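K.L.:
Start from chain A and add chain B according to the hints.
Protein chains in written order, with the working numbering: chain A, 1 to 157; chain B, 1 to 195.
In case anyone wonders, no lab produced these hints; they're calculated from the structure.
None of the values given here were measured: they were computed from a predicted structure.
Ideal placement from N, C-alpha and C gives every residue a C-beta, glycine not left out.
Where hints are given, some of them may not hold.
[To be verified] One side of the interface only, derived from the structure: several residues of chain A facing chain B at Cβ under 10 angstroms: (1) 19; (2) 35; (3) 73; (4) 74.
[Said to hold, decoys possible] Where chain B lies over chain A, by a calculated footprint (3+ residues, C-beta under 8 angstroms): (5) 86-93; (6) 100-108.
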Amino acid sequence: MPISLEVNGERVDAQVSPRVNLADFLREHLHLTGTHVGCEHGVCGACTVRLDGEIVRACLILAVQAHSRSVQTIEGLSDSNEVADLQAAFRDRNALQCGYCTPGMLMAAQDLLKQHADPSRAQIREHLSGNYCRCTGYQAIVDAVEATALARRERAR
Amino acid sequence: MLDRPNSYIGKTVPRPNLDRLMQGRGQYVSDMELPRMAHVVFVRSPHAHAKIVGIEADAAKRMPGVIAIIAGKELAGVVTPWVAVLSHMKGLKSAPQHAIAIDRACWQGEAVAAVVATCRALAEDAAEAVVVEYEELAAVTDMSKALDLQTPVIHAELGDNLAFERIHDAGAVDQAFADADEVAEADFIFGRHPA
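One chain only, chain A, in its complex shape (with noise of 0.2 angstroms):
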């Protein structure tokens, strides 16, 4: 099937078997392959992208479904510098170890900062609680998150 999408702000065009899913396509077809797939069931979050400016599951998108719509891949958000100042506290922090994870997490912290300027601690976990990390236990993350989120508020004030 043939289908015309955006992706990372650039027009594609690509001929798809309905089955393929969207990180299969984002991977194999654009050679994206800052998407990782981790449980391939929607659980685990190493997949996600924006879809139309929503954080979704690529495992659980067919390509079909993002015909016409647009995408955004982590290396949209980080080639844009929209994550940088995330990046820079992932990094600084240590919230990382082998990073599989990490596109996922910046994802869905750049999600939920986008939404609220001032999360709790809880609330970020709760933001980040579909990103499953296996190598940093977590508190690293949300320090990286909570820091950008002060950063961001003193910048704006």
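P.N.:
Quick look at chain B alone, frame taken from chain A:
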């Protein structure tokens, strides 16, 4: 405090590769793409303990994109089994673990066949068409019963189901308990031993 000024101990050491990982530009194994690369998918035992009576793979082999379907005996010719002992855990017992099970699956999920194809989707399609006949055997899944006499021994050559035991016996323990005002007892269950 630091009597070794050039030591890393006590210092925060930045990792230069973090930026690449956070941009989604890491190179994990599943990100790697080589020309004419094949993909492998495993058929796995649904049973915790079962004899592998037979593997019927002819129909699967004819499916589109399939390059090969490999079972345990064939792979044993090129891969030696892993014996999971550790030099710092004296007495740890382990039966040889083959890369792909031969004759018998000993845990739910153990690979019984590898399906190699030109892409992952076609390998997964073919894996569904591989028919494995199992003869279910008694499974041992309760650690507290694993050493009971009536519990089957999974690896006969190891003698029993005990993988490893370490006993710390220091000081006059029995005397200490006898002299204590109160004695508290508890069982601690840990999910994993090493991380």
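K.L.:
For every hint, state whether the structure bears it out.
P.N.:
Going through the hints against the structure:
1. At a threshold of 10 angstroms, the smallest CB-CB gap from residue 19(A) to chain B is about 8 angstroms, leaving the interface hint in force.
2. The interface hint given for residue 35(A) holds, since its Cβ lies 7 angstroms from the closest Cβ of chain B, which is under the 10 angstroms cut-off.
3. This hint holds: residue 73(A) has a C-beta 7 angstroms from the nearest C-beta of chain B, less than the 10 angstroms allowed.
4. Because the smallest distance between the Cβ of residue 74(A) and any Cβ of chain B comes to about 4 angstroms, under 10 angstroms, the interface hint for this residue holds.
5. For the stretch 86-93 of chain A, the proposed coverage by chain B is satisfied: 3 residues have a C-beta within less than 8 angstroms of a C-beta in that chain, meeting the threshold of three.
6. Coverage of the stretch 100-108 of chain A by chain B holds [criterion: at least 3 residues with CB-CB distance below 8 angstroms; count 4].
Checked against the numbered hints given earlier, this structure breaks none of them.
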